[in-house]
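Engineer: Sequence:
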Amino acid sequence: MLYGKEEFTLIYLSKGDHSCKKEFPVTIPKYSERDSIPISFIRQGEVGSPKGNGHFWAEAAAEEQAPSGMEFVPLRGLYEVLGDALFPIAGQAFQLMYWRRTTRYCSSCGQPLQEHAVDRAMECSTCNLVIYPTISPVIAVAIEKDGQLLLARSPHFLPKDTVF
Numbered sequence: 012m013l014y015g016k017e018e019f020t021l022i023y024l025s026k027g028d029h030s031c032k033k034e035f036p037v038t039i040p041k042y043s044e045r046d047s048i049p050i051s052f053i054r055q056g057e058v059g060s061p062k063g064n065g066h067f068w069a070e071a072a073a074e075e076q077a078p079s080g081m082e083f084v085p086l087r088g089l090y091e092v093l094g095d096a097l098f099p100i101a102g103q104a105f106q107l108m109y110w111r112r113t114t115r116y117c118s119s120c121g122q123p124l125q126e127h128a129v130d131r132a133m134e135c136s137t138c139n140l141v142i143y144p145t146i147s148p149v150i151a152v153a154i155e156k157d158g159q160l161l162l163a164r165s166p167h168f169l170p171k172d173t174v175f
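The sequence shown maps to residues 12 to 175 in the working numbering.
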């Protein structure tokens with residue numbers, strides 16, 4: 012549970028992208044402190060490594076109150092706390108939490124899913140369907156000539172819907 016010599020726990024509300032942080036100096040609750048945080052978790056998991064080598068994350072119900080000396084802050088607000096190295100892990104934790112929240116039943120037979128024993132996946136014990144998190148790759152390209160950027164748009168998009 013170590014990353015850069017610092018372990019941390021991310022706690023997200025179920026209806027929003029908020030994480031729990033302590034008062035100044037700002038720190039994220041440590042993995043070892045997770046049992047002492049008086050919040051009921053809906054679901055929890057790890058990020059960074061599928062089984063046993065990552066950072067702990069947990070999801071709390073929207074009606075949960077932040078513990079004394081802590082506050083819920085938006086995910087983007089964690090950037091100033093975590094910096095370039097750890098913020099992507101917080102984002103990945105949020106994405107995995109959202110995926111786990113929205114992937115609870117088998118799309119083939121409708122039965123409840125369980126965590127896969129080995130992979131970062133959900134598995135149906137009835138029909139053995141294995142569902143992995145969706146990967147949505149993005150590519151951004153800039154074409155430059157003589158110090159100027161070429162701007163183009165697809166003819167499928169109306170000019171009123173295009174922003175440069």
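Some hints here could point you the wrong way.
What the hints assert, rightly or not - DEER-style ranges, computed between Cβ atoms:
hint, residue 1, residue 2, range
1, 49, 138, 20 to 28 Å
2, 90, 54, 20 to 28 Å
3, 46, 156, 54 to 62 Å
4, 115, 74, 31 to 39 Å
Since the hints were made in silico from the structure, they are not lab data. Backbone N, C-alpha and C fix where the C-beta goes; we use that ideal spot for every residue, glycine too.
Engineer: Go through the numbered hints given earlier and state which of them the structure violates, listing their numbers in rising order.
Structural biologist: Of the numbered hints, 1 and 4 do not hold.
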